[in-house]
Amino acid sequence: EAGVTQFPSHSVIEKGQTVTLRCDPISGHDNLYWYRRVMGKEIKFLLHFVKESKQDESGMPNNRFLAERTGGTYSTLKVQPAELEDSGVYFCASSQPGTSYEQYFGPGTRLTVT
Amino acid sequence: QKEVEQNSGPLSVPEGAIASLNCTYSDRGSQSFFWYRQYSGKSPELIMFIYSNGDKEDGRFTAQLNKASQYVSLLIRDSQPSDSATYLCAPSRGGKLIFGQGTELSVKP
Chain V
1 EAGVTQFPSH SVIEKGQTVT LRCDPISGHD NLYWYRRVMG KEIKFLLHFV
51 KESKQDESGM PNNRFLAERT GGTYSTLKVQ PAELEDSGVY FCASSQPGTS
101 YEQYFGPGTR LTVT
Chain Z
1001 QKEVEQNSGP LSVPEGAIAS LNCTYSDRGS QSFFWYRQYS GKSPELIMFI
1051 YSNGDKEDGR FTAQLNKASQ YVSLLIRDSQ PSDSATYLCA PSRGGKLIFG
1101 QGTELSVKP
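Line by line, the protein sequences give chains V and Z.
Heads up: the first sequence runs through residues 1 to 114, numbered per this note's numbering.
Heads up: the second sequence runs through residues 1001 to 1109, numbered per this note's numbering.
Derived contacts from chain V toward chain Z, CB cut-off under 10 Å, selection only:
1. Lys41
2. His48
3. Glu102
Derived lysine-lysine pairs resembling DSS-like cross-links, with alpha carbons at most 27 Å apart:
4. Z:Lys1002 x V:Lys41
5. Z:Lys1042 x V:Lys78
6. V:Lys44 x Z:Lys1067
7. Z:Lys1042 x Z:Lys1108
Here are some chain Z residues pointing at chain V (derived, C-beta under 10 Å):
8. Leu1046
9. Ile1098
10. Phe1099
11. Gly1102
No lab work stands behind these hints: they were computed from the structure.
All figures in this text were calculated on a predicted structure; none of them were measured in a lab.
Ideal Cβ positions, reconstructed from N, Cα and C, are used throughout, including at glycine.
Extracted from the complex, chain Z is given alone in its bound form (with noise of 0.2 Å):
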């Protein structure tokens, strides 16, 4: 089992739609999680990052954190063909980052 889980997608969803990527890990330790987007090429950017148990919105990104089920989400509003990347869950313990393979999302005009 892979210590974090994400859908490898292709996720599409129409412009102006509510994207839903998710994320599974598997150490009960992680302190913290983060949600990269990395354009073909390019290095990871940091969206935002959550900490506690619930929601956290940051303009058109809520991040959703359940640590008990081990589980994250990132919500993208009003989906845009710019945020069309891989979406990276990236958990943290002790400022280490554990990378899942990402979510491919693809925001059709």
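One chain only, chain V, in its complex shape (with noise of 0.2 Å):
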């Protein structure tokens, strides 16, 4: 069973740039997290989906940034515009319907906004 993919694994852009990273979660799983970490820092949940709907988004930090998850498959998630702070490794995780049932993470995207 495939585990769960991003893409893309590394990106580069300038400041006020456009970039959608996208998660493929495990087949099954309802369940989409995005997370965060930043230069030194824990790592920082960003909000959950279950199937196509926004279940908890508390985690983004302001309105620059967007998620969508179409059809309940994969995800997507939008900065508009970059700014040199959202530099960090972002996460993806998902997990069986349920919250309480353990999270598999994928490789993650590491986003250098410059």
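With the hints as a guide, bring the two chains together.
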């Protein structure tokens, strides 16, 4: 069974540009999460999808970030316009239906904003 | 005060010894508790999880939970050099994981 996949693995963009990150969860996993780790800090929760619905988006830093999960399959996280402080590693995780199940992480996308 | 506190380390143990990793958390509504291992430059890898007070064993790993003290720990028996990594404690509430900064473990041959 394939694990969580993320694309791209690395992205380098200039301040003010737009970047879209993609996450494909494990097949059958209704729950999809986005997390972010900025340099020197702990991994922080961004948001949680249950199928195509946003269950919790309390961790989204501001309205420059837009997450979607069309059809309840893959998810995208768009940053527009990107700022220097958005640099970091963006992780996606998925889990089975329910909130007590273990989350499996993808390899992450390293975003560098210059 | 951080929501999840872990000693940053590094914690250095000799090969074959027991490594003890500790974590305290502030949210009494946390429902389940996860331990992840993260090698440098890699993503978090789930080791084990615990829901109930007491001990839970899985191979060389034992998780311990004390909700009254808001304390969770991970013991690694017969530590191997391949166990050298950063260990992340992550309480969960409603599915949302709250991570500590992690404890760096170094197992010396």
